[in-house]
Structure formats: C-alpha cells, structure tokens
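Please model the entire structure based on the sequences and the hints provided.
There are 2 protein chains.
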Amino acid sequence: MSASYFTQASIVGVVGEDFAQQDRDLLASKGVDLQGLETVPGKTFFWSGVYSEDMNDRTTLQTDLNVFADFQPKLPASYANQPYLFLGNILPSLQRNVHEQMKDLKFVGGDTMNLWIAQQREELLATIKDWDFLLINDGEAKMLAGENNLQKAAQKILDLGPHTLVIKRGEYGAMLFRRDTLFITPGYLLEDLFDPTGAGDCFAGGFVGYLAERGFDLHHDKIDVHELHRAVIYGSVMGSFCCEEFGVDRFRRLTRQDIDQRFDEFRRFTAF
Amino acid sequence: MSASYFTQASIVGVVGEDFAQQDRDLLASKGVDLQGLETVPGKTFFWSGVYSEDMNDRTTLQTDLNVFADFQPKLPASYANQPYLFLGNILPSLQRNVHEQMKDLKFVGGDTMNLWIAQQREELLATIKDWDFLLINDGEAKMLAGENNLQKAAQKILDLGPHTLVIKRGEYGAMLFRRDTLFITPGYLLEDLFDPTGAGDCFAGGFVGYLAERGFDLHHDKIDVHELHRAVIYGSVMGSFCCEEFGVDRFRRLTRQDIDQRFDEFRRFTAF
Numbered sequence: 001m002s003a004s005y006f007t008q009a010s011i012v013g014v015v016g017e018d019f020a021q022q023d024r025d026l027l028a029s030k031g032v033d034l035q036g037l038e039t040v041p042g043k044t045f046f047w048s049g050v051y052s053e054d055m056n057d058r059t060t061l062q063t064d065l066n067v068f069a070d071f072q073p074k075l076p077a078s079y080a081n082q083p084y085l086f087l088g089n090i091l092p093s094l095q096r097n098v099h100e101q102m103k104d105l106k107f108v109g110g111d112t113m114n115l116w117i118a119q120q121r122e123e124l125l126a127t128i129k130d131w132d133f134l135l136i137n138d139g140e141a142k143m144l145a146g147e148n149n150l151q152k153a154a155q156k157i158l159d160l161g162p163h164t165l166v167i168k169r170g171e172y173g174a175m176l177f178r179r180d181t182l183f184i185t186p187g188y189l190l191e192d193l194f195d196p197t198g199a200g201d202c203f204a205g206g207f208v209g210y211l212a213e214r215g216f217d218l219h220h221d222k223i224d225v226h227e228l229h230r231a232v233i234y235g236s237v238m239g240s241f242c243c244e245e246f247g248v249d250r251f252r253r254l255t256r257q258d259i260d261q262r263f264d265e266f267r268r269f270t271a272f
Numbered sequence: 001m002s003a004s005y006f007t008q009a010s011i012v013g014v015v016g017e018d019f020a021q022q023d024r025d026l027l028a029s030k031g032v033d034l035q036g037l038e039t040v041p042g043k044t045f046f047w048s049g050v051y052s053e054d055m056n057d058r059t060t061l062q063t064d065l066n067v068f069a070d071f072q073p074k075l076p077a078s079y080a081n082q083p084y085l086f087l088g089n090i091l092p093s094l095q096r097n098v099h100e101q102m103k104d105l106k107f108v109g110g111d112t113m114n115l116w117i118a119q120q121r122e123e124l125l126a127t128i129k130d131w132d133f134l135l136i137n138d139g140e141a142k143m144l145a146g147e148n149n150l151q152k153a154a155q156k157i158l159d160l161g162p163h164t165l166v167i168k169r170g171e172y173g174a175m176l177f178r179r180d181t182l183f184i185t186p187g188y189l190l191e192d193l194f195d196p197t198g199a200g201d202c203f204a205g206g207f208v209g210y211l212a213e214r215g216f217d218l219h220h221d222k223i224d225v226h227e228l229h230r231a232v233i234y235g236s237v238m239g240s241f242c243c244e245e246f247g248v249d250r251f252r253r254l255t256r257q258d259i260d261q262r263f264d265e266f267r268r269f270t271a272f
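Chain order of the listed sequences is A and B. First residue of the first sequence: 1, per my numbering; consecutive thereafter. First residue of the second sequence: 1, per my numbering; consecutive thereafter.
Keep in mind the hints are simulated off the structure, nothing from the lab. Take the hints with a grain of salt, since some may be wrong.
Since the list gives no way to pick out one identical chain from another, each pair is judged satisfied if it fits inside one copy or across any two copies.
Below 25 Å or equal to it, Euclidean Cα-Cα: the simulated DMTMM-like pairs (lysine to aspartate or glutamate) are [what the hints assert, rightly or not]:
id, residue 1, residue 2
1, Lys142, Asp57
2, Lys142, Glu265
3, Lys156, Glu123
4, Lys152, Asp249
5, Lys142, Asp54
6, Lys142, Asp130
7, Lys142, Glu213
8, Lys129, Asp201
9, Lys222, Glu38
10, Lys106, Glu17
Rendered as structure tokens:
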C-alpha cells in the first residue's frame with residue numbers, strides 16, 4: 001500500500017479465510033495487483049504486542065503464524081517481468097525462491113530479522129549475496145556484522161553482496177551506505193506517535209516505490225546517488241505517516257500531496 | 001577550549017593545587033583567558049565512570065567534588081562587558097549570580113542536569129527564565145517538561161523563557177527548536193568512538209563559539225535562523241572530535257581546517 005503511492009505495486013502473500021473483503025478492497029483501491037494474494041483455509045497471521053512508554057521497545061504478547069506457517073510464495077506469471085522486487089521478511093530460502101522466478105530485474109533487495117540472522121545464517125548469506133540492497137534496522141545490522149560500531153558494521157555488510165545498505169533507526173531516522181556514498185537523515189518529529197507497528201515496512205514501500213517511479217536502474221554504470229538519498233527520505237516520510245494512527249488507518253485518506261509536503265518539510269528542517 | 005577555535009574565550013572556574021601547569025599552558029595556548037580560573041587549596045573535581053558497550057549509557061564509579069563543592073564563581077572585572085555568556089552545568093543559583101554580573105550581553109544560555117531539574121526546580125526555572133537558549137540532552141528535556149514526546153516537551157520548554165532550545169541526542173545528533181524554526185541533524189558517524197566524556201560541553205563550545213565568531217545577536221529583530229542551524233552543526237562537529245580520543249587529547253592537535261572539513265562532510269552526508 002505504501003509503494004502504491006509511487007508506482008503500480010503487485011503483492012505476493014497469503015491470508016486466511018478470515019481476511020476481510022473490505023481490506024482486499026482497500027488494497028485494490030490503491031491499484032495494488034492482488035493476483036499473488038493467496039487465500040487458503042485457516043486464519044491469517046496475527047501478532048499483538050505492547051510498546052514501551054517511549055515507543056522504542058516492544059514486547060510481543062502473541063504471534064500466531066496460522067496460514068503463514070506453511071506459506072510457499074507462488075509468483076503469478078504476469079509478475080515475472082516486473083523490474084523491481086522487494087522481498088519482505090520471511091525464511092531466506094523462500095526469498096531466494098521468489099527471486100529466482102523473476103526474469104528481468106533492475107534491482108532487488110529485501111528485509112530480514114534477528115531470528116534468521118541467528119538461526120539461518122548460511123542460508124541468509126547465500127540469499128542476500130545476490131541482492132542489490134539490504135534494508136534492516138541498526139540492531140540487525142550490528143548482529144549480522146558481529147560489530148557494534150555502525151560504520152564498521154556497514155562496511156562488513158557491503159562485503160556480503162549488496163552494494164547498497166539501508167539501516168533504519170526508528171525515531172532516529174535512517175542511513176544509506178554504499179562504497180561511493182554515505183547518507184544520514186534524522187527521523188521525522190511526530191507530535192503524536194500513536195502506533196509504530198509496520199513503520200519499517202512502510203519505509204520499504206516508500207524507498208522502493210520512489211525508485212520505481214523514477215525508473216531507477218541500480219545496475220546502470222552512472223547512477224545518481226542523490227536519488228537513493230531521496231528514496232530514503234520518501235521511506236522516512238511513509239514510515240512517519242504509518243505511526244500516526246493504528247495499523248494502516250492513516251493510509252485510508254493519505255494523498256500523494258500529503259507525502260510530497262512532508263518530503264518538503266524534511267528539506268526545511270534539515271537545511272543549514 | 002572548544003569555543004577557542006572560533007573566538008577568544010574566557011573561562012570562569014576553579015581547580016585545586018593538583019591542577020597541572022601543562023594543562024594551564026594548554027588552555028593558554030588556545031588563547032583562553034585564564035583570569036577567571038581560580039586555584040584554591042585542595043584537589044580538583046574528579047569523576048570516573050564506565051560506558052556501556054554501545055557507549056550510550058554510563059555508570060559513575062566515583063565523583064569527588066573536592067574544591068568544586070564550595071565554589072562561588074567570581075567574574076574578573078574585564079569579563080563583565082563580554083557579549084556572550086555560556087553557563088556550564090552547576091547549581092542554578094550560581095549560574096544566576098554569574099549572569100547578573102554581566103553588563104551587555106548579546107545572548108546568554110546554558111546547560112543544566114537531572115539533579116537540578118529534580119531537586120532545584122523552582123530555582124532552575126527562575127534562572128533559565130532570563131536565558132536566550134537552553135542546551136540540554138533529550139532525557140533532561142523530557143524530565144524538565146514532564147512530557148515524553150520531544151515535540152511537545154520542546155513547546156513546553158519554550159514557554160519557560162528561553163526562545164531557543166537545543167536538544168542533544170548523543171550519537172543520534174541534535175535538534176534546535178524556536179517558535180519560528182525547527183532544525184534536526186543526525187550525529188556524525190564515528191569509526192572509532194573512544195570516549196564520549198565531555199562531548200556535550202564541546203558541543204556547547206562549538207555552538208556558542210560559532211555564533212560569537214559571527215557576531216550573532218539573538219536579540220536582533222531579524223535573525224538568520226540558518227546561522228543557528230550552522231551553529232548546531234559546528235557544535236556536533238566539536239562533540240564528534242571530542243569522542244575520538246581520551247579527555248581533551250584530540251584538541252591538542254585539532255585545527256580549524258579539520259573542523260571546517262568535517263562541517264563540509266555534514267553537508268555531504270545530509271544532502272538529498
């Protein structure tokens with residue numbers, strides 16, 4: 001849904017029979033291609049948790065994988081020639097399987113989590129080796145690199161395959177590392193931080209969506225790194241909107257104009 | 001010492017008889033006026049502590065106030081007409097006493113700490129009421145305002161007197177709030193974070209020093225807020241250098257050229 005503000009997005013995923021028609025309609029209303037959204041008997045994935053007072057930590061109350069437990073992503077034939085692929089956090093071997101079904105990518109990247117870094121390390125390394133970018137949070141970056149200093153951790157991760165590394169730092173913003181550039185942005189200062197759940201995924205949608213909108217080709221010889229920096233800002237913008245209301249509620253009435261206005265705000269509050 | 005890279009600085013403080021001549025010479029070599037540096041019988045203030053692995057927290061091992069315990073700042077007559085005053089963290093009533101001895105200030109501001117916010121609240125409020133700027137860290141800002149959201153906390157603090165609020169966030173950077181502007185910068189990404197002790201004070205020196213160098217007048221009708229933003233960057237630059245070596249060691253060979261180069265680096269890694 002986040003990426004749909006920038007480009008025509010297509011989803012691959014699984015839900016159970018409890019998934020509401022109005023939520024399917026919401027996605028469709030944003031132009032999201034739902035051919036790859038599989039519905040199978042059982043219940044949709046469910047998570048609940050409690051955030052700390054400052055919203056920087058959370059405690060999981062309940063995780064029910066439900067239909068997600070046996071999910072084997074199947075790519076609709078019409079998706080195979082899409083130029084951009086973002087692999088959400090799931091078992092690395094499944095990410096690899098989806099990647100292998102794509103035929104003509106301009107860039108590919110994805111997310112992962114502490115569980116896979118700890119328990120599926122070899123599989124994860126074999127998977128991200130072929131990615132253009134890795135998009136993770138600071139704790140995951142330190143864990144993946146086995147290094148507490150972010151600058152050093154980033155250099156180690158750039159040796160693992162991805163030539164572009166985006167590190168999310170929650171309320172403190174985000175960073176982008178490449179051999180030829182470093183970019184750091186502070187986070188947007190929200191007056192009402194209501195629910196940060198999903199902010200990282202919304203960041204990913206803004207980051208990839210903006211680059212797709214620009215027809216960005218990460219494999220091209222001469223890329224404009226400032227486009228990547230702007231993609232980080234759009235990612236930050238989308239993540240910040242996510243936090244303003246519960247779940248995806250803010251996106252029900254969010255417009256592209258709202259997004260571009262907040263992008264301009266980033267320019268103003270970082271100018272010196 | 002931090003401010004001395006930008007302007008002629010004059011110090012008010014107290015040391016014991018154990019204070020080394022070479023340290024006095026070091027300050028003098030930077031052009032710091034030492035008339036206000038009092039030497040009294042006893043030992044100099046001493047602090048030691050241990051930092052956490054990620055350097056974001058520290059545990060105090062020992063605090064010996066020594067000669068600092070009975071310190072009553074006395075302003076040399078030659079200081080009274082200086083245009084800029086920064087009040088380091090000390091008992092609020094002593095800060096007020098120093099402030100009252102100054103005759104013709106273009107701006108005045110200072111630092112404080114959790115201890116005074118909790119135990120000297122009324123005195124502290126009476127003191128900062130007359131300041132142009134308050135320079136504290138994020139935890140202190142939340143505590144002073146009684147508000148966990150930084151945006152809301154800042155608005156409450158701007159009601160207390162200072163029209164400019166600078167909030168330091170350690171490795172995550174700094175922010176500047178006024179009714180007419182908001183500025184946020186990420187922190188400098190250090191490859192070797194050796195010792196953050198004193199980084200906040202070095203920030204203050206860079207912030208005030210740069211504004212003094214520019215002849216900045218906070219009371220002027222039309223101020224250029226971007227000068228304040230640049231002062232925050234210079235503060236961040238000085239704080240980052242402080243962290244690279246133990247104590248003030250990095251400043252022994254630091255040049256103004258090093259400082260300006262890092263300022264330019266801030267421009268590059270924040271550009272989009």
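Evaluated hints:
1. Taking the closest pair of Cα atoms, lysine 142 and aspartate 57 come within 25 Å of each other both inside a single copy (17 Å) and across two copies (17 Å).
2. Taking CA atoms no more than 25 Å apart as the test, lysine 142 paired with glutamate 265 passes between copies only; the shortest distance there is 24 Å, against 31 Å inside one copy.
3. Only within a single protomer do lysine 156 and glutamate 123 lie at most 25 Å apart by alpha-carbon distance; the minimum there is 18 Å, versus 51 Å between protomers.
4. Taking identical chains as interchangeable, the C-alpha atoms of lysine 152 and aspartate 249 lie at most 25 Å apart only when they sit on different chains, with a minimum of 23 Å there against 38 Å within one chain.
5. Taking identical chains as interchangeable, the C-alpha atoms of lysine 142 and aspartate 54 lie at most 25 Å apart whether they share a chain (22 Å) or sit on different chains (10 Å).
6. Within a single copy, lysine 142 and aspartate 130 get their C-alpha atoms as close as 20 Å, which meets the 25 Å cut-off; across copies the closest is 45 Å, which misses it.
7. In this assembly of identical chains, lysine 142 and glutamate 213 lie within 25 Å of each other by CA distance neither inside one copy nor across copies; the values are 31 Å within and 40 Å between.
8. Proximity of lysine 129 and aspartate 201 under a CA criterion of 25 Å is satisfied intra-copy only: 21 Å inside one chain copy versus 44 Å between copies.
9. With identical chains, the CA atoms of lysine 222 and glutamate 38 are never at most 25 Å apart, being 39 Å at best within one copy and 61 Å at best between copies.
10. In this homomeric assembly, lysine 106 and glutamate 17 never come within 25 Å of each other (Cα to Cα): the closest approach is 35 Å inside a single copy and 69 Å across copies.
Checked against the numbered hints given earlier, the structure breaks hints 7, 9 and 10 and satisfies all the rest.
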